[in-house]
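Just need the whole structure built from these sequences, with the hints factored in.
Residue numbers (full-length UniProt numbering), protein chains in the order written: chain A, 1 to 310; chain B, 1 to 309.
Just to be clear, a hint being listed does not mean it is correct.
With the Cβ distance kept under 8 Å, some of the chain A side facing chain B (calculated, not the full set) [said to hold, decoys possible]: (1) T43; (2) L142; (3) M143; (4) R144; (5) A148; (6) L159; (7) I263; (8) S265; (9) P268; (10) L269; (11) V284; (12) M285; (13) V288.
If you're looking for bench data, these hints aren't it; they were derived computationally from the structure. Please read these numbers as outputs of a predicted model, since none were measured by experiment. Using N, Cα and C, we set each Cβ at its ideal position, and we do this for glycine too.
The chain contents come next:
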Amino acid sequence: MRRQESAGVADLEPVVPIGELEPATGRRRRRSLRGHTTGIIGTVIVVGMALAAIVGPWLLGIDPNAQELSDRLLPPWSQSGDGSTLHILGTDDLGRDVLARVLEGGRASLSVVALGVVVGCSLGMTVGITSGFRGGRLDIVLMRVVDAQLAIPLLISALLVATILGTGFMNTAVALGIASWAVYARLIRAETLKLRGLDFFEATVALGSSDRRLVFRHLIPNLISTVFVVASLEMGGLVVTESSLSYLGLGMQPPDASWGSMIRSAQPLITTAWWLAAIPGTAVMLVVLGFNLMGDWLRDVLDPQSKQRV
Amino acid sequence: MGEILGIVGRRVVATVATLFGLIIVLFHLLFLLGSPINLMMGEDGGTQEQADAIRERLGLDQPIWQQFLTYMGNLLTGDLGESWRYERPVLDMITERLPATLTLGLLALLLGVLIALPLGLLAAVKPGSWLDNLSRVGAVTANSLPNFWLAIMLIIVFAVQLGWVPATGRGTWQHLVLPVIVLATGVVPMLMRITRAAMLEVLNKDYVRTARSKGLPERTVLRRHALRNAMIPVTTVIALRVGDLVAGTVIVEAVFAYPGVGRVLAEAMAFRDYPVVLATVTLTAASVLLVTLITDIIYTVLDPRVRIS
Numbered sequence: 001m002r003r004q005e006s007a008g009v010a011d012l013e014p015v016v017p018i019g020e021l022e023p024a025t026g027r028r029r030r031r032s033l034r035g036h037t038t039g040i041i042g043t044v045i046v047v048g049m050a051l052a053a054i055v056g057p058w059l060l061g062i063d064p065n066a067q068e069l070s071d072r073l074l075p076p077w078s079q080s081g082d083g084s085t086l087h088i089l090g091t092d093d094l095g096r097d098v099l100a101r102v103l104e105g106g107r108a109s110l111s112v113v114a115l116g117v118v119v120g121c122s123l124g125m126t127v128g129i130t131s132g133f134r135g136g137r138l139d140i141v142l143m144r145v146v147d148a149q150l151a152i153p154l155l156i157s158a159l160l161v162a163t164i165l166g167t168g169f170m171n172t173a174v175a176l177g178i179a180s181w182a183v184y185a186r187l188i189r190a191e192t193l194k195l196r197g198l199d200f201f202e203a204t205v206a207l208g209s210s211d212r213r214l215v216f217r218h219l220i221p222n223l224i225s226t227v228f229v230v231a232s233l234e235m236g237g238l239v240v241t242e243s244s245l246s247y248l249g250l251g252m253q254p255p256d257a258s259w260g261s262m263i264r265s266a267q268p269l270i271t272t273a274w275w276l277a278a279i280p281g282t283a284v285m286l287v288v289l290g291f292n293l294m295g296d297w298l299r300d301v302l303d304p305q306s307k308q309r310v
Numbered sequence: 001m002g003e004i005l006g007i008v009g010r011r012v013v014a015t016v017a018t019l020f021g022l023i024i025v026l027f028h029l030l031f032l033l034g035s036p037i038n039l040m041m042g043e044d045g046g047t048q049e050q051a052d053a054i055r056e057r058l059g060l061d062q063p064i065w066q067q068f069l070t071y072m073g074n075l076l077t078g079d080l081g082e083s084w085r086y087e088r089p090v091l092d093m094i095t096e097r098l099p100a101t102l103t104l105g106l107l108a109l110l111l112g113v114l115i116a117l118p119l120g121l122l123a124a125v126k127p128g129s130w131l132d133n134l135s136r137v138g139a140v141t142a143n144s145l146p147n148f149w150l151a152i153m154l155i156i157v158f159a160v161q162l163g164w165v166p167a168t169g170r171g172t173w174q175h176l177v178l179p180v181i182v183l184a185t186g187v188v189p190m191l192m193r194i195t196r197a198a199m200l201e202v203l204n205k206d207y208v209r210t211a212r213s214k215g216l217p218e219r220t221v222l223r224r225h226a227l228r229n230a231m232i233p234v235t236t237v238i239a240l241r242v243g244d245l246v247a248g249t250v251i252v253e254a255v256f257a258y259p260g261v262g263r264v265l266a267e268a269m270a271f272r273d274y275p276v277v278l279a280t281v282t283l284t285a286a287s288v289l290l291v292t293l294i295t296d297i298i299y300t301v302l303d304p305r306v307r308i309s
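Right, dumping it as structure tokens:
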């Protein structure tokens, strides 16, 4: 009797095609390795730039706002007039050190974007969970709002919010958050609906869990990886948006350095001092590249299903 | 047929409702929360009487619902209000700049499609080839280039150093070269990856295998059987990029001092010229929603599967 039972269980065991059992060789392995390489490169860029922005100004020891008019518009790698400091990335039209300003600008840009992501995430999660969990008419209305928000491009909604709220650090962060919440909301709603249909969730409901417990103990922990992936993919776009805002004069304000405003003030000098625009621009490009590579990698690692979605 | 009309009708109603809701929200956000008067008066603020006079002239002294009803009433007759800064009809400001922006946007879209489709196709036909890898790396890099950075670099190299094309302004076709390239760079990466993915999927389909086993030449298989079917997701992506293209023109027009609607939008925002802001943002959203709607309708009519789901 016993034997037969165990034989029955063995029959139910899934038949694994032999091909699947073979070790990943050749192209498949190379592909997964390559994915990791670019992901690691991206992460290194992001972490490196973040570290540079945090400890760089302190290591360099040059005041980003110190003006020295006798050292105006020095090209990269030149000594100051009195020979005391080496301006590695040159100086701007007021004789301020470009490297110091790029680092300072990086600190401002990266922290405002990080705060913006937190704002956007919280807003989007609240709406997405409410919509997916409550359902019904509220869901329909909220998803219409998401549609309307998504019809306005990221940059234009950020500009709009910045127009209403005004410029400066906090306002820019809020503008970035409000401009980007809809993407989170839509994905979180879809994820919530999916989780709601799973057995464990229905079992928890059947056991009489309170809504509060359902959301905080069972939904949110399962949503974290999705949020992480979306956030990392959004970061690059937000860095571009932030620098575009300050480039257009609606983000963080001079004299505080930010990458966008540095480019803005460098543009009239483009014929005489190319580095003033090129250097902060390259910083933006590097960070965005880093975030994009890291985001793609995280998506592949944390959310393998979405690989098929290109 | 009646069924199709029903679906199309519902989509049209939903789109109009979304747009209408958007106008309501935008109007109240701008006119309730924003305080343009202080900004218009300058640093020293001016006297209370002056502020009141401006408010009265602009109709801002009326209750918000009345302002809104007036605005909506005018909107229905095609009147978008008057710019606070230039004291001209907003509609005129937009229509006189629209051709310039449309030229820019459509040329960029055309160039983007001309680059992205062949590259995506070739990459899909030979996955893993050097071309595939190169285009993948190119797409990731191009996707990370902020368009104003690219614009400035192109100006430095091609306008300042080489002097091949003018740096800024509008008038000749040379003025269009750099802005169009910058905008197209924003379109290509996504479009190319989608073309590749769609082609790869289609090439695995039974009907492609059937076409091949019939002994059709590979060219015919690719063009008649694969490409046509792969175009469906590609068109969707082109439609989805319209919004980004509009956002791109705002930046590109600012960098190249190109007088288009994007400039109007950016300037209006910088000077808190709310009637202009409201009109241009609504126009942007309307164009995105309209393109989405048209794509939806075309699918509903062409692809029977969409109707069922």
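Hint check:
1. With its C-beta approaching chain B no nearer than about 15 Å, A/T43 sits outside the 8 Å limit, and its interface hint is violated.
2. The restraint placing A/L142 at the interface with chain B is violated, with a minimum CB-CB distance near 12 Å, outside the 8 Å limit.
3. A distance limit of 8 Å between C-beta atoms decides the matter here; for A/M143 the minimum to chain B is near 10 Å, and the interface restraint is violated.
4. The restraint placing A/R144 at the interface with chain B holds, with a minimum CB-CB distance near 6 Å, inside the 8 Å limit.
5. Checking A/A148 against chain B: minimum C-beta separation of about 5 Å stays under 8 Å; hint holds.
6. Checking A/L159 against chain B by beta carbon gives a least distance of about 5 Å; that is within 8 Å, so the hint holds.
7. Proximity of A/I263 to chain B holds as hinted, the smallest CB-CB distance being about 7 Å (cut-off 8 Å).
8. The interface hint given for A/S265 is broken, as the beta carbon of that residue sits about 12 Å from the closest beta carbon of chain B, more than 8 Å.
9. Taking 8 Å as the C-beta contact cut-off toward chain B, the hint placing A/P268 at the interface is violated, the least distance being around 11 Å.
10. Taken as an interface hint, A/L269 does not check out: its beta carbon lies about 11 Å from the nearest beta carbon of chain B, beyond 8 Å.
11. Hint status for A/V284 relative to chain B: holds, with the closest Cβ pair at about 5 Å, below 8 Å.
12. Checking A/M285 against chain B by beta carbon gives a least distance of about 6 Å; that is within 8 Å, so the hint holds.
13. Because the closest C-beta pair between A/V288 and chain B is about 4 Å apart, less than 8 Å, the hint holds.
In summary, the structure is inconsistent with hints 1, 2, 3, 8, 9, 10 from the numbered list given earlier, while agreeing with the others.
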